[in-house]
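Here the sequence shown stands for residues 0 to 145, where the numbers follow numbering that gives the first Met the number 0.
Hint data in this document are derived by calculation from the structure and do not stem from the laboratory.
It should be emphasised that the depicted structure is a prediction, and the values quoted were computed from it without experimental measurement.
Some clues are possibly wrong.
Cβ-Cβ distance ranges computed for the label pairs, FRET-style [claimed, not checked]:
#1 ALA18 / GLU112: 45 to 51 Å
#2 LYS94 / GLY127: 31 to 37 Å
#3 ASN30 / LYS61: 14 to 20 Å
Every residue, glycine too, gets a C-beta built ideally from N, C-alpha and C.
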Amino acid sequence: MVNYAVSATRVIPPRVTRAQAWSALKDGAKNPVGFGGITESTIVSENENGTEFVRKFVRMGKEHTQAVTLFEPTWYKAKGQDPDSEVTIILSSDKEGVNYITFTFHWIHPDVEAGSEQDKQMAAQYEGIVNNAADSAIKAVDDIKA
Numbered sequence: 000m001v002n003y004a005v006s007a008t009r010v011i012p013p014r015v016t017r018a019q020a021w022s023a024l025k026d027g028a029k030n031p032v033g034f035g036g037i038t039e040s041t042i043v044s045e046n047e048n049g050t051e052f053v054r055k056f057v058r059m060g061k062e063h064t065q066a067v068t069l070f071e072p073t074w075y076k077a078k079g080q081d082p083d084s085e086v087t088i089i090l091s092s093d094k095e096g097v098n099y100i101t102f103t104f105h106w107i108h109p110d111v112e113a114g115s116e117q118d119k120q121m122a123a124q125y126e127g128i129v130n131n132a133a134d135s136a137i138k139a140v141d142d143i144k145a
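All chains should be built: construct the whole structure from the sequences, respecting the hints.
Laid out in structure tokens, this is it:
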């Protein structure tokens, strides 16, 4: 069994406010197509105020299901069942007021042997996914008109 925990942090462009970044993050949670290799996405169910929902999406040809919870205005969590996975995306800032977005992904694969060739390939694949997602998020917020 192996656990993959990967993260990536990016600086949010200075002209983009935290409120704008949160809006883009929330939109990306509802429709993550283009982030981390996701090619299709559908909201299956949603609570009345839109802060909790279940989405199905396709990444690398495989369908996945996640339960998503939005914690406005700073982060969201997505919990998957196939494979057991969790994604947390956090907006933060430093004492100088620079804003950041951090993606943290965690996948559990009980069927993969630690140290195997499959393990090495999956580790590299997941590192690519988290960096692609972070880069895509920065592109999305950078496209916001000030």
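Hints, one by one, checked against the model:
1. Range check, ALA18 to GLU112: Cβ separation about 46 Å, and the 45 to 51 Å hint holds.
2. Checked against the given bound of 31 to 37 Å, the beta carbons of LYS94 and GLY127, roughly 32 Å apart, stay inside it.
3. Taking the beta carbon of each, ASN30 and LYS61 are about 18 Å apart, inside 14 to 20 Å as hinted.
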